[in-house]
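Novice: Dock chain B against chain A, hints included.
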Amino acid sequence: MSLTDVLAMLVTDHTLRTVSLGSGLVGVVSGSLGCYAYLRKQGMMGAIVAHSSLFGITVAFLLGSLIGGRVAPIQFALPGALIGGVLSMALVSLIVHSTSIKVDTAMGIALALLFGGGVFLLRIIQSLALPGHRGLRDFLFGQAATMTTADLATIVGFSVIGLTVVILMWKEFKLHTFDPGFAASIGYPMHRLDQLLLATIVLGVVVGLRTVGVILMVSLLVCPAAAARQWTRRLGSMMVLAALFGMLSGVVGAVVSAVVRNLPTGPVISLVATALVLVSLVAAPRRGLVAGALRRAANRRRFGVLPPDPGMHDRAAGEGEP
Amino acid sequence: MSGDAAIRIRDLTVAYHEAPVLWDIDLDVPSGTIMGIVGPNGSGKSTLIKSIMGIVEPAGGEILVFGKPFSAQRKRVGYVPQRTSVDWDFPTTVLDVVLMGTYGSLGWFRRPGRDQINAALHAIERVGMSDYVDRQISELSGGQQQRTFLARALVQQAEIYLMDEPFQGVDARTERAIVEILREMRRLGRTLVIVHHDLQTVSHYFDLVTLLNIRVIATGPVGDVFHDENLRKTYGGGQEFSLRR
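Those protein sequence lines, which keep their order, are chains A and B.
Its first residue numbered 717, the first sequence is counted upward by one per residue in the working numbering.
Its first residue numbered 26, the second sequence is counted upward by one per residue in the working numbering.
Isolated chain B (complex conformation):
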């Protein structure tokens, strides 16, 4: 599997103030799949994504993106941060936020031009936000904010996308729309790694799932590893989990 691994992680350990946040992580994400990352709060889901992109400095281990370090593959990776990680009262518009997806390829000092604006408008159309192009971002609903972030990621034209809770606090219609876009991205051969918290939808949305709680409890096809026993190991033994409603 390592031959066509989009992301390959070996022995990754991350610590904050000496307390381990991620411990000895081995993980392979095959190219062209959608992988969900689930686990309780504080299990290191966001940290995992951030260490793949080098935002968090690991204490040890190796991370390869298409066989090379992330720094050499930066333009092939897109990122959707948690919606709540930014201040939406920032004075800017939907179009301007989506244009930020072109900054990586623009390089220093250069401003977005016609081509970038067209690409941004196209992405905004894909997420169904064309009526909100010039809308001040503080006036958006949670779902619209998430669509805006997704459009910004689409503009990056990456091959791998890392998304931190893209369904958090969005309305049902937006959730369906996002899922539709994610499936289309997979059809185009993109690889998606998605931090997720709604266990009920895991088997509908993802091909593969990684159960994480500081360590990798299990990783593999949803049908093989996403069962009650692994969930108990991930979320703690005292609680009863059942996937059957």
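The shape of chain A in the complex, shown without the other chains:
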């Protein structure tokens, strides 16, 4: 199929339109909310939340099947994912506060327990052949092609909530992330802001689980943000660009996996997102590797020596003292 065929299908084909709209929106939300995961150095937290949500998804599905009723069990998946994600955060903080285990190990333990539990329950559900269990498999590597109008409505709902919170709390989230000590001094409730920010990031993870899958979801959270940071100097423009990068990854992933048979969406989205990071790292002005090499070459010509690379501080976290 040629590119023009695909573009024509985007306009005429109702399913493909729904699928790209949904995946694009997922990219917008995860990409922009992911900026906070990036800036707060909580990218791995996103991976833990995503993996752990599989436990919530499968438990919710089992409960849904047990209750029966008219609602398909798969409809319980997203609320379950939210609970599973929050549970993993709670577990990490419980381990850190009540034992001597440090946070990175605690995250590993939470992931091991909840993702392991999730995969285990998934196998049980599959062997029981509960009605609708095929839909659950999409949550592993993501499948945009089977997206329905109801799924799209859920994504729109999550997006509106997530983006509204970020816009309303714009200056509060920004100050709390940049300088928590100063934020506390002017009376910001640290603990509640922490929780709200974390909840917002969890929302950015959960919204894309069905499209990207629990295993690769973190890529749509951190890659657009990491790529956008290379090109921008302000939080606002970083978020807008991350949203665009996320949308691009989402739409390309959805279309490619819809056109190619048996190709899950998650890996395609991840590859597009990481390609955007790679290009940004190399080509971005000021912070890019090419710009850095040019700067060093210019310095060599001017001074005949090799002064320390001023861009190095830019890339390294922590204090920069050019």
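Treat each hint with caution, since some may be false.
To be verified - With a straight-line Cα cutoff of 16 Å, these simulated EDC-like cross-link-like pairs (lysine to aspartate or glutamate) come out: (1) A:LYS757 / B:ASP112; (2) A:LYS887 / A:ASP910; (3) A:LYS757 / B:ASP114; (4) A:LYS757 / A:ASP910; (5) B:LYS93 / B:ASP53; (6) A:LYS887 / A:ASP820.
By construction, these hints were calculated from the structure, which means they are not laboratory data.
Specialist: The following block gives chain B in isolation, referenced to the frame of chain A:
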């Protein structure tokens, strides 16, 4: 002295995991003075400042700011955190950081407008950073970062300022500029409490000094309490300290 004390601390004790960080602190900071807080690493200097602002929860004791609890006086207190406590690679500009000084008076959800931007530009001018208004903060030198933080504090228009090592890692020119601004603030009746580590400059910069090492070793006018014996008590007996170069 308690009548015009800007800050009055009684029996303050702070503990982390049951180990005391501050023990039984009594301290009065008279209004309109510059007080330096000195002591070795881990002596609780930053913790003292943070507990005044309620960022650190004390195990006991009382802290009054102009006679009332801090929570009732929040807008009268400005804060300059340690420069190294934040990630300067955050995507933002000098103007934006200085504007954060207006957030306290803005309240929830409201964004800074014309008035706030003008106030921020004025503060940036006072610290001599007008050429760097739109500069990305990751491109600033240590001294410029410190000036930016100072400008943010000026925008708060507070009466008391708590500053955590404002001279740390800054160039000599910036240090002189900051001292000049601090003296001007005192002329305007502000009260300044400054965590400091360079003992050589204490008598030049401060009216009062508090020597701290978990407990208050001594507090009072620099001429009265800042001598070798108190320094030995603060920094440990084994070391020899002399203020005479």
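Novice: Now look at each hint and say whether the structure bears it out.
Specialist: Cross-check of the supplied hints:
For the hint pairing LYS757 of chain A with ASP112 of chain B, the CA-to-CA distance comes to about 11 Å; that is within 16 Å, so the pair holds. For the given pair, LYS887 of chain A sits about 14 Å from ASP910 of chain A by alpha-carbon distance, which is consistent with the 16 Å threshold. Using a Cα cut-off of 16 Å, the hinted pair LYS757 of chain A and ASP114 of chain B holds, with the two alpha carbons roughly 12 Å apart. With a C-alpha separation of about 13 Å, the suggested pairing of LYS757 of chain A with ASP910 of chain A holds against the 16 Å cut-off.
For the hint pairing LYS93 of chain B with ASP53 of chain B, the CA-to-CA distance comes to about 14 Å; that is within 16 Å, so the pair holds. Only pairs whose Cα atoms come within 16 Å are accepted, and LYS887 of chain A paired with ASP820 of chain A is rejected, the gap being roughly 29 Å.
In summary, the structure is inconsistent with hint 6 from the numbered list given earlier, while agreeing with all the others.
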